[in-house]
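Protein chains in written order, with this note's numbering: chain A, 1 to 231; chain B, 1 to 300.
Just to be clear, a hint being listed does not mean it is correct.
When the alpha-carbon atoms are kept at most 16 Å apart in a straight line, the in silico EDC-like pairs for lysine to aspartate or glutamate are as follows [unchecked claim]:
no.	chain 1	residue 1	chain 2	residue 2
1	B	K104	A	D195
2	B	K288	B	D135
3	B	K288	B	D252
4	B	K104	A	D198
Note that these hints are calculated values from the structure, not bench results.
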Amino acid sequence: MMNRQTSSPPLQEKQISAYGLQRRNMLKFFGASAAVITLGSACKDDPAPPNQNGVNLGSGDVGILNYAYALEQLEAAFYIQVIATLYSGITPTEQAYLTDVRDHEVVHREFLKAALGASAIGALQVDFSSINFSSRASVLGTARTFEDLGVSAYNGAGKLLTDPLNLLYAGKIVSVEARHAATIRELLQINSFADTVDANALDPAMTPAAVLAAADPFIVTQINASNLPTS
Amino acid sequence: MNLQNIINDIESVDPEVYERLNTRRKAMKSFANISGKLALAAVPVALGSMFNKAYGQAVPTAVIDSLKFALLLEQLEAAFYNAVVAAPGLNATLTGTSRAAFVKIQADENKHVAFLSSTIASLTSMPAPAAPAFDLTGGNSAAGTGPFSGANDPRVNYAVALAMSQTFEDTGVRAYKGQAANFLPSTGTVNDLLEAALKIHSVEARHAAKIRILRRELGGAVLAPADLKPWINNNESGILPPFAALVQASYDGEGVTQQGAFNGVGTFSGVTISATAASAAFDEPLTKAQVTAIVDPFII
Numbered sequence: 001m002m003n004r005q006t007s008s009p010p011l012q013e014k015q016i017s018a019y020g021l022q023r024r025n026m027l028k029f030f031g032a033s034a035a036v037i038t039l040g041s042a043c044k045d046d047p048a049p050p051n052q053n054g055v056n057l058g059s060g061d062v063g064i065l066n067y068a069y070a071l072e073q074l075e076a077a078f079y080i081q082v083i084a085t086l087y088s089g090i091t092p093t094e095q096a097y098l099t100d101v102r103d104h105e106v107v108h109r110e111f112l113k114a115a116l117g118a119s120a121i122g123a124l125q126v127d128f129s130s131i132n133f134s135s136r137a138s139v140l141g142t143a144r145t146f147e148d149l150g151v152s153a154y155n156g157a158g159k160l161l162t163d164p165l166n167l168l169y170a171g172k173i174v175s176v177e178a179r180h181a182a183t184i185r186e187l188l189q190i191n192s193f194a195d196t197v198d199a200n201a202l203d204p205a206m207t208p209a210a211v212l213a214a215a216d217p218f219i220v221t222q223i224n225a226s227n228l229p230t231s
Numbered sequence: 001m002n003l004q005n006i007i008n009d010i011e012s013v014d015p016e017v018y019e020r021l022n023t024r025r026k027a028m029k030s031f032a033n034i035s036g037k038l039a040l041a042a043v044p045v046a047l048g049s050m051f052n053k054a055y056g057q058a059v060p061t062a063v064i065d066s067l068k069f070a071l072l073l074e075q076l077e078a079a080f081y082n083a084v085v086a087a088p089g090l091n092a093t094l095t096g097t098s099r100a101a102f103v104k105i106q107a108d109e110n111k112h113v114a115f116l117s118s119t120i121a122s123l124t125s126m127p128a129p130a131a132p133a134f135d136l137t138g139g140n141s142a143a144g145t146g147p148f149s150g151a152n153d154p155r156v157n158y159a160v161a162l163a164m165s166q167t168f169e170d171t172g173v174r175a176y177k178g179q180a181a182n183f184l185p186s187t188g189t190v191n192d193l194l195e196a197a198l199k200i201h202s203v204e205a206r207h208a209a210k211i212r213i214l215r216r217e218l219g220g221a222v223l224a225p226a227d228l229k230p231w232i233n234n235n236e237s238g239i240l241p242p243f244a245a246l247v248q249a250s251y252d253g254e255g256v257t258q259q260g261a262f263n264g265v266g267t268f269s270g271v272t273i274s275a276t277a278a279s280a281a282f283d284e285p286l287t288k289a290q291v292t293a294i295v296d297p298f299i300i
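Make the full structure from the sequences, and use the hints.
See the structure below:
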């Protein structure tokens with residue numbers, strides 16, 4: 001159960017010794033070639049010096065769950081507004097889809113809040129001033145951005161989790177986000193449901209830093225992600 | 001990337017790198033052998049694998065087994081779409097943008113097969129398992145006389161093809177989730193493999209949503225309820241008799257509203273959540289045994 005995460009001692013970073021490679025050698029590799037590090041098989045980075053400004057997501061699995069909680073807060077707030085002020089010309093099917101999506105995002109938000117317990121960050125202040133909620137193109141365009149971003153975020157966060165149960169929960173959520181993303185894409189352009197994929201038909205994955213930078217224009221509250229695991 | 005530069009750089013701090021890599025020529029030859037068969041994006045995984053072997057880091061058997069299991073499911077999906085797209089019996093019914101959607105999904109599944117095959121080959125230094133023979137009628141036999149045969153064959157009946165496609169995609173989404181724990185603790189190459197699996201998993205969910213939309217749009221037909229959603233409501237397939245019972249195992253367990261200590265049914269900040277919405281907000285895992293039982297009728 002995820003709640004136990006919040007009551008246990010702070011998570012230790014995964015040990016370098018698990019690689020069967022001495023830390024001394026690992027450090028040499030960092031000096032040897034930046035290319036080696038980017039191959040994705042390098043070791044755990046030491047955390048950057050903490051920047052204590054803003055809402056601190058925390059470290060370890062808690063930090064990643066707070067990161068997801070921040071994104072779900074953003075999505076839920078967006079769809080609550082979409083349903084409260086339906087765009088002109090919305091079809092019954094579109095309204096049914098978007099209402100379901102709102103409900104799912106509220107459930108995701110509340111689930112993560114409950115799972116984090118006392119470790120949960122507070123409510124974020126959002127800024128939707130760039131969105132025209134009376135415009136179908138503006139609403140669905142923003143929805144597509146949020147859903148694709150959410151999929152990329154969860155895809156990139158999976159490997160940063162250490163508790164198998166947390167990984168399972170992330171997996172349970174991300175496929176629903178992908179269903180949303182495909183649905184919104186179909187409303188905008190037929191057969192664009194998976195136009196996100198690369199040459200191997202893989203969806204993107206993004207780091208927390210890249211995702212938070214993309215979401216930043218919509219979030220007023222400053223978020224401190226400096227303690228999140230990076231690999 | 002310039003592999004030789006990387007190895008030269010490593011050599012400057014670890015003069016024994018070539019010995020670790022089992023002599024320079026052999027190392028380069030073995031990597032060339034592997035990379036020649038690899039899709040480009042699989043190269044980092046293969047390269048990581050080479051260094052892992054050199055420095056004594058083995059990818060756990062459970063991870064390899066999960067990848068082989070995923071490959072089998074992708075091979076089944078690819079065989080299904082290859083057959084459906086090529087079927088003359090669907091020329092009149094699978095048309096226009098619907099046919100284009102099937103062709104896109106067909107391409108994705110075949111790419112997943114190629115990607116997983118090359119990844120497994122690079123990790124094991126052996127060819128990945130070839131696809132077994134499939135019986136798309138679900139009869140477990142080369143005779144092809146299963147429940148999806150005759151007038152109900154997906155190669156002649158578009159509604160059946162859609163229903164089977166939906167079931168395969170939804171099952172795939174659930175199957176990947178059931179394997180996730182095998183990738184932890186994830187470090188090094190396993191990190192890359194976990195991320196790759198997640199990247200395939202979300203594409204399967206995109207496929208599932210599109211196929212469900214196509215079924216909804218087919219409207220009026222016995223196999224496509226008008227209120228079908230791109231997500232799984234409760235434990236419902238949205239597939240009617242006589243096929244409902246044949247696919248129900250792929251939807252059993254999807255109706256839960258409880259996640260750990262949290263129940264999604266309730267009112268949160270003024271938004272009332274039904275049991276249907278609470279269940280659809282999460283896709284649930286299937287174990288390997290459950291998935292194997294589901295796909296067994298299609299594997300000869």
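Each hint, compared with the structure:
1. K104/B x D195/A: Status holds; Cα separation ~9 Å.
2. K288/B x D135/B: Between K288/B and D135/B the Cα gap is close to 20 Å, so the pair fails against 16 Å, i.e. violated.
3. K288/B x D252/B: Within the cut-off at roughly 15 Å; holds.
4. K104/B x D198/A: The hint holds at about 13 Å.
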